[in-house]
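The listed protein sequences derive, respectively, from chains A and B.
Position one of the first sequence corresponds to residue 0 (numbering that gives the first Met the number 0), numbered consecutively onward.
Position one of the second sequence corresponds to residue 0 (numbering that gives the first Met the number 0), numbered consecutively onward.
Hint data in this document are derived by calculation from the structure and do not stem from the laboratory.
Careful, some of the hints might be misleading.
[Claimed, not checked] Some, not all, of what chain A presents toward chain B, calculated at C-beta under 7 Å:
#1 Val26
#2 Val49
#3 Thr123
#4 Ser281
#5 Glu282
[Said to hold, decoys possible] According to the in silico footprint, chain B covers these stretches of chain A (three or more CB under 8 Å from chain B):
#6 28-35
#7 78-86
#8 167-174
A quick note: this is a predicted structure, and the numbers were derived from the prediction, not measured.
For glycine and all other residues, C-beta sits at the position ideal for the given N, C-alpha and C.
Protein chains: 2
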Amino acid sequence: MALSEFDLIDRYFRSSGAARADVRLGVGDDAALLECPAGMTLVAAVDTLVDGVHFPHGCRPESVGHRALAVNLSDLAAMGARPAWALLALTLPSAEVPWLEGFSAAFSALALRHGVALVGGDTTQGPLAVSVTLLGWLPAGGALRRSGAAPGDALFVSGTPGDAAAGLALEQGRLAAEAAREFLRERFLFPEPRVALGERLRGYASACIDVSDGLLADALKLARASGCGVELEAARLPLSAPLRALGAARARDFALTGGDDYELCFTVPVERLAQLQAELPSELWGYTRIGTVCVETGAHVRDERGVKTVAAPGYDHFTAP
Amino acid sequence: MALSEFDLIDRYFRSSGAARADVRLGVGDDAALLECPAGMTLVAAVDTLVDGVHFPHGCRPESVGHRALAVNLSDLAAMGARPAWALLALTLPSAEVPWLEGFSAAFSALALRHGVALVGGDTTQGPLAVSVTLLGWLPAGGALRRSGAAPGDALFVSGTPGDAAAGLALEQGRLAAEAAREFLRERFLFPEPRVALGERLRGYASACIDVSDGLLADALKLARASGCGVELEAARLPLSAPLRALGAARARDFALTGGDDYELCFTVPVERLAQLQAELPSELWGYTRIGTVCVETGAHVRDERGVKTVAAPGYDHFTAP
Chain A
0 MALSEFDLID RYFRSSGAAR ADVRLGVGDD AALLECPAGM TLVAAVDTLV
50 DGVHFPHGCR PESVGHRALA VNLSDLAAMG ARPAWALLAL TLPSAEVPWL
100 EGFSAAFSAL ALRHGVALVG GDTTQGPLAV SVTLLGWLPA GGALRRSGAA
150 PGDALFVSGT PGDAAAGLAL EQGRLAAEAA REFLRERFLF PEPRVALGER
200 LRGYASACID VSDGLLADAL KLARASGCGV ELEAARLPLS APLRALGAAR
250 ARDFALTGGD DYELCFTVPV ERLAQLQAEL PSELWGYTRI GTVCVETGAH
300 VRDERGVKTV AAPGYDHFTA P
Chain B
0 MALSEFDLID RYFRSSGAAR ADVRLGVGDD AALLECPAGM TLVAAVDTLV
50 DGVHFPHGCR PESVGHRALA VNLSDLAAMG ARPAWALLAL TLPSAEVPWL
100 EGFSAAFSAL ALRHGVALVG GDTTQGPLAV SVTLLGWLPA GGALRRSGAA
150 PGDALFVSGT PGDAAAGLAL EQGRLAAEAA REFLRERFLF PEPRVALGER
200 LRGYASACID VSDGLLADAL KLARASGCGV ELEAARLPLS APLRALGAAR
250 ARDFALTGGD DYELCFTVPV ERLAQLQAEL PSELWGYTRI GTVCVETGAH
300 VRDERGVKTV AAPGYDHFTA P
């Protein structure tokens, strides 16, 4: 199957995602031309997924296409931004039609749901990797940063962390759990970035980060950027029923140190808590208080046996064994 | 050598390129925050370089760092845009200090020369590949597109095309030419994107494209986007002395079909030619008229033996043998 680079782009990527009136020139020239809203701050993030590193070799193309955009949507959600435009750098060993159809359909479907237009990209031959740059907007001064938390603030997480890591373990045969298999695998393969929640948290959250490397690791990054610590209560961790079915210790371990959740971890000053609950009821928006920001640096996990402190947990691409 | 992802970013990429007042938040959070100039159009491009595809395996890290940004600067130059901000997605087999030092120093030096700030990125483990997203600005309506050429317009190219392709052939041992070896190799390893020329061509050029896949291939893309053809006169091709030293036929072949030049190919309406020469003297700005836009589609090369027409020449990642 000889599909030229031009045909490939034309067939799968020329009109992907939402049609936006602010795109003056999209895919097909040397660069995209985009009209910016007045008085807003541009938000930009890039994330790469590498075959065999960020997804298992042979992973379904629909999941690769979905996740490549989802991880970037999650970055913008963590800033409280509204996504607008994506650029896609796709490196492929060869141009396989079924793979491209699955990848591009899932990418486009997620882009459409979030109002994102694919405006440019580059397709190259090489080992499978996908790098997406996502651009979006924020009212000036409205960003949720990692660095705004203060001791006393309440600590929250959205969704049910740990599901995706358990799903990956199932996918890779490191874990056996027939009953909950499909639910947990879907949570790894098709994460739902919390874009709407991130936008609505502007004005409430003092700090925010997306959970990609594991809840404990990312909460610690937020704490470090804010110059303080976080105390998590293990009993408050929102665990899904399928995760709990794996056993209490294992479920807690996945929730604290598993990665690929793409949930939001955020802090809210106590004086804002009542209004947060009134405006964004936690039971509707799916977030849970899991602890408190504290003075003592580090991430401190309190359970029935006491407090355990971790200083630098989580996955690191270049020092992981 | 265990260098964590955090240390790696902190040491090599936290303050890379120019310091710009419009960067509200750069490397280190979930996304960058950028202030946009009023009344301007945002320009965005992404390009990926893959080890063994876009540069020879074992290529000097200084060249990889330089070219990763240069190819994107060239895309923005082709639109007539002024570059501002870059995002870097770097995939590395391992974090080797000498490689990172060479790569980051060359990337930063080129960014600094063009006033570009590195504002975000992602470092991942995997087969060596570099994907850069470059953002810049244009006055609204000022873009140089591929599609504006009309029959009768003069056709130009900047610099001396073919040098880089000959340099790559030397680098790979496919060509022997001791005398000119260093000049031609440098032209492949460290191309100089024509950013200043691209900006100055606004108001003169009816269409513009950067020459990355070979002059003939890219001139043909411009012609197709404009719904016409191009006629090139082989005798007018600006060949460097080191390229000419390889022999007339070989030099012409490199100039017409070699890639990696990162020069600009552009068209100018004849009524603008006198003012172009007055404002941007060709001998100072380094561009040469090589032909004319014509009605008949295709790229037609005229030499002493007649006219040869090509319909779809050049390098294609997915159909090249």
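Holds or violated: the region 28-35 of chain A covered by chain B, criterion of 3 or more residues with Cβ-Cβ distance under 8 Å? holds (count 8)
Taking the closest Cβ pair, is valine 49(A) under 7 Å from chain B? With Cβ-Cβ at 3 Å, under 7 Å, it holds.
A closest beta-carbon separation below 7 Å is what the hint needs, so does threonine 123(A) meet it against chain B? Since the shortest Cβ distance to chain B is 5 Å, the answer is holds.
Taking 8 Å as the C-beta cutoff, is the stated coverage of the region 78-86 of chain A by chain B satisfied by three or more residues? Holds, because 4 residues of the region 78-86 of chain A bring their Cβ atoms closer than 8 Å to Cβ atoms of chain B.
Restraint check, 7 Å cut-off on beta carbons, for valine 26(A) near chain B: violated, 11 Å
Taking a Cβ-to-Cβ distance below 8 Å as contact, does the region 167-174 of chain A have at least three residues touching chain B? violated (count 0)
Restraint: glutamate 282(A) near chain B, CB-CB cut 7 Å. Satisfied or not? violated, 26 Å
Was the hint right that serine 281(A) lines chain B, CB cutoff 7 Å? Cβ of serine 281(A) sits 22 Å from chain B, so the hint is violated.
Taken one by one, the earlier hints fail for this structure at numbers 1, 4, 5, 8, listed in ascending order.
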